[in-house]
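Student: Numbering (numbering that gives the first Met the number 0), first residue to last: 0 to 367.
Because the hints were derived from the structure by calculation, they are not lab data.
The reader is advised that the hints may include incorrect statements.
Capping the alpha-carbon separation at 20 Å, the derived lysine to aspartate or glutamate pairs in EDC-like fashion look like this [what the hints assert, rightly or not]: (1) K310 / D260; (2) K168 / E217; (3) K213 / D157; (4) K235 / D179; (5) K235 / D319; (6) K336 / E359; (7) K105 / D115; (8) K336 / D238.
If you anchor each label on the Cβ, the simulated ranges turn out as follows [as the list claims (entries may be wrong)]: (9) G63 / P130: 49 to 55 Å; (10) E359 / A161: 40 to 46 Å; (11) E306 / K336: 18 to 24 Å; (12) G175 / E306: 17 to 23 Å; (13) D157 / G181: 50 to 56 Å; (14) G182 / G352: 35 to 41 Å; (15) T129 / R348: 49 to 55 Å; (16) G63 / S83: 50 to 56 Å; (17) A350 / F106: 53 to 59 Å; (18) D171 / D191: 30 to 36 Å; (19) K349 / K190: 43 to 49 Å; (20) A61 / T129: 49 to 55 Å; (21) A110 / K349: 50 to 56 Å.
All values derive from a computational prediction rather than experimental measurement.
For each residue, glycine too, the CB sits at the ideal point set by N, CA and C.
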Amino acid sequence: MSETSAESGSTAEQDRWEAEFALKQREQKSREQDLELRRRQATTLSWHSPLVLAVLAAATAALGNAAVALLNGRQQVALETARSEGARMLEMIKTGDPRTAKVNLKFLLDAGLITDEKTAKALDTFLKQTPAGSFPSLPSAANPGTVSFVQTPEMTPDLQKALDATIAKFIDFMKGLGGDVGGSIAVHVLKDLEVSKGMSGYYDPAKGVFIDAKYAKEQDLILRELSHAVLATAAKRPDMPIALESGLSAYFPASFRGGPDFASGMARDAWNLRNSVKDTGPRDPSFPAETFRGLLLWGGTCWDLREAIGKEAADQLILDAWALLGASPPSVPDQGKAFKTALLTAAERKAPGRFNTAIEGVFAKRGV
0 MSETSAESGS
10 TAEQDRWEAE
20 FALKQREQKS
30 REQDLELRRR
40 QATTLSWHSP
50 LVLAVLAAAT
60 AALGNAAVAL
70 LNGRQQVALE
80 TARSEGARML
90 EMIKTGDPRT
100 AKVNLKFLLD
110 AGLITDEKTA
120 KALDTFLKQT
130 PAGSFPSLPS
140 AANPGTVSFV
150 QTPEMTPDLQ
160 KALDATIAKF
170 IDFMKGLGGD
180 VGGSIAVHVL
190 KDLEVSKGMS
200 GYYDPAKGVF
210 IDAKYAKEQD
220 LILRELSHAV
230 LATAAKRPDM
240 PIALESGLSA
250 YFPASFRGGP
260 DFASGMARDA
270 WNLRNSVKDT
280 GPRDPSFPAE
290 TFRGLLLWGG
300 TCWDLREAIG
310 KEAADQLILD
320 AWALLGASPP
330 SVPDQGKAFK
340 TALLTAAERK
350 APGRFNTAIE
360 GVFAKRGV
């Protein structure tokens with residue numbers, strides 16, 4: 000019986016030990032699971048911490064800003080390139096000559112100075128489809144916004160170059176007096192104009208200046224027609240005295256050039272402004288006769304005044320007097336008396352009493 004009791008005790012001890020061992024194993028496993036859970040939680044929580052989120056947000060914003068800056072930079076470069084190429088093309092057509100403008104733009108294209116593919120392709124197509132004679136051009140730098148040259152067979156490059164330089168100087172001369180041609184004027188040099196129109200040249204406010212090709216080198220004629228434009232702008236009215244305007248439009252080119260022999264290249268001695276023509280006798284009402292009479296009489300009167308009081312004073316007073324006539328049309332039919340009155344008024348405004356005697360003497364000499 001004692002042996003049976005001993006075996007029973009040994010078995011119970013073993014069962015208790017195994018139970019404790021199993022419990023220890025479960026506890027150990029539970030602790031390991033708890034540790035693994037804590038580790039995972041720690042890893043997950045680290046990405047959700049305010050510091051980590053702030054760092055991630057800042058990094059994302061920096062990357063976004065960098066991308067935007069890169070895109071803006073590329074767009075800005077493209078915009079500046081387009082502006083630069085557009086300005087370059089505009090400069091290339093500021094020649095006053097459609098043919099030269101086309102040659103200049105073709106040079107830009109051939110030299111690879113137009114880098115935008117769409118612009119280059121469009122320009123190439125335009126160059127191929129547009130005839131040189133009708134190619135767009137802007138006034139040259141010498142005559143910004145005032146004079147352009149219409150391309151005709153008679154308008155040679157050498158002639159245009161010579162006219163361009165003289166016209167630019169004349170316009171500056173008139174601007175110095177307060178005169179203005181009143182906008183952009185086209186210069187036409189045509190063959191047989193004298194035959195078709197009966198005139199060597201004329202000014203059309205709507206179309207510009209027209210000169211017969213055989214007189215194109217006689218620059219006084221072109222400057223005379225430009226003077227008509229200046230006088231029309233100064234008077235601001237179309238019904239001004241024809242003969243008087245004819246004289247002033249001859250005087251200003253002569254005074255600009257510095258000699259009274261107007262259009263001397265045409266071998267017409269009678270056009271010399273240093274003459275003794277007087278405002279007497281019957282007048283031929285026809286347009287050519289009145290124009291020619293006015294050229295000699297009033298052009299000569301203005302030249303006399305120039306010699307009496309000096310170039311600068313005379314030029315200014317004559318243009319100012321013309322503007323006064325435009326503002327207050329003559330109240331008497333005698334344009335000579337009206338012009339003298341306007342000159343005296345302009346002189347009083349400029350220098351009271353200084354030029355009155357000279358003006359009276361000049362007009363008395365001409366029978367006014």
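Student: Does E359 lie within 20 Å of K336 when you go C-alpha to C-alpha?
Tutor: 11 Å, holds
Student: Is the straight-line distance between the alpha-carbon of K105 and that of D115 20 Å or less?
Tutor: Judged against 20 Å, a Cα distance of about 15 Å means the pair holds.
Student: Does the beta carbon distance between A350 and F106 stay inside 53 to 59 Å, or does it fall outside?
Tutor: Given a distance of about 55 Å, which is inside 53 to 59 Å, the answer is holds.
Student: What's the verdict on K235 and D179, does the C-alpha distance respect the 20 Å limit or exceed it?
Tutor: 12 Å, holds
Student: Determine whether the Cβ-Cβ distance between G63 and S83 falls within the hinted range of 50 to 56 Å.
Tutor: 30 Å, violated
Student: Compare the distance between the alpha carbons of K235 and D319 with 20 Å, and conclude whether the hinted pair is satisfied.
Tutor: 13 Å, holds
Student: Given the hinted pair K336 and D238, is their Cα-Cα distance within 20 Å?
Tutor: 17 Å, holds
Student: Can you confirm whether the C-alpha distance between K213 and D157 stays at or below 20 Å?
Tutor: 15 Å, holds
Student: At the C-beta level, are G182 and G352 separated by a distance inside 35 to 41 Å?
Tutor: 38 Å Cβ-Cβ, so the 35 to 41 Å window holds.
Student: Given a hinted range of 18 to 24 Å, is it respected by the beta-carbon distance of E306 and K336?
Tutor: 22 Å, holds
Student: Holds or violated: the 49 to 55 Å window for the beta-carbon distance between A61 and T129?
Tutor: 51 Å, holds
Student: Could you grab the alpha-carbon distance between K168 and E217 and see if it respects the 20 Å cut-off?
Tutor: 16 Å, holds
Of the numbered hints stated above, those contradicted by the structure are hints 13, 16, listed in ascending order.
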